[in-house]
Amino acid sequence: LLLEHVGINPTRTGVIDILRLMGADIEMQNPRLAGGEPVADLRVRHAPLRGIRIPEHLVPLAIDEFPALFIAAAVAEGVTVLTGAAELRVKESDRIQVMADGLLALGVAAGPTADGIVIRGGALAAGAVHSHGDHRIAMSFAMAALRAGGVIAIDDCANVNTSFPDFVALARGAGLRIVEAAA
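Mapping to the working numbering: the sequence shown position 77 is 77, numbers consecutive.
Hints listed in this document are in silico derivations from the structure and should not be mistaken for laboratory results.
Glycine included, each C-beta is placed from N, C-alpha and C at the ideal position.
One or more of the hints may lead you astray.
[As the list claims (entries may be wrong)] Calculated cross-link-like contacts (lysine to any residue; reagent style SDA-like; alpha-carbon spacing at most 25 Å):
# : residue 1 : residue 2
1 : Lys91     : Ala114
2 : Lys91     : Glu77
3 : Lys91     : Ala153
4 : Lys91     : Val168
[Stated by the list, open to error] Simulated DEER-style distance windows between Cβ atoms:
# : residue 1 : residue 2 : range
5 : Arg45     : Ala181    : 26 to 36 Å
6 : Pro38     : Val79     : 18 to 28 Å
7 : Ala153    : Leu33     : 35 to 45 Å
8 : Thr11     : Gly149    : 30 to 40 Å
9 : Thr11     : Asp166    : 36 to 46 Å
With these hints in hand, go ahead and build the complete structure from the sequences.
And the structure:
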């Protein structure tokens with residue numbers, strides 16, 4: 001998979017660093033500046049992920065990407081431990097609790113802590129989750145459907161269209177079958 005024109009500002013690449021620590025095969029190609037910001041194309045190849053203890057110094061560099069990282073941890077082999085991320089409790093939702101609840105609903109052992117979460121990777125089952133109106137949580141559980149053993153129903157997704165209007169089209173292009181239900 002080639003992701004083109006991805007921002008690689010060092011203050012925002014924690015998600016890439018964490019995924020690499022988990023075993024992801026991500027290669028930066030064609031680094032350049034666009035509008036004064038560093039960008040690159042990311043070549044992503046299949047690689048099994050493993051659970052890790054996420055280094056706390058990377059937390060601020062990936063604070064908005066943790067819902068997606070929690071999905072990666074859910075399908076990784078082993079246990080992933082996050083600490084030092086209490087800020088996630090005061091975002092658009094309590095992202096630690098909402099993600100833990102959603103992962104549990106999908107059959108993944110996930111235990112919230114005061115400042116993080118412990119996730120035991122395994123298989124994602126079908127189920128229903130509530131995004132609590134948090135666009136990042138809704139999009140993360142949508143992507144989880146790529147690895148789930150059945151349909152994942154996600155409630156309260158209207159904010160996705162506001163923050164990322166092309167998400168549904170891009171997700172469908174990645175192989176997701178998305179059915180939008182009337183509210």
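The hints, checked one at a time:
no.: 1; hint: Lys91 - Ala114; verdict: holds (15 Å)
no.: 2; hint: Lys91 - Glu77; verdict: violated (28 Å)
no.: 3; hint: Lys91 - Ala153; verdict: holds (23 Å)
no.: 4; hint: Lys91 - Val168; verdict: holds (23 Å)
no.: 5; hint: Arg45 - Ala181: 26 to 36 Å; verdict: holds (35 Å)
no.: 6; hint: Pro38 - Val79: 18 to 28 Å; verdict: violated (33 Å)
no.: 7; hint: Ala153 - Leu33: 35 to 45 Å; verdict: holds (42 Å)
no.: 8; hint: Thr11 - Gly149: 30 to 40 Å; verdict: holds (37 Å)
no.: 9; hint: Thr11 - Asp166: 36 to 46 Å; verdict: violated (25 Å)
Violated hints, listed in ascending order, are 2, 6 and 9; each of the other numbered hints is respected by the structure.
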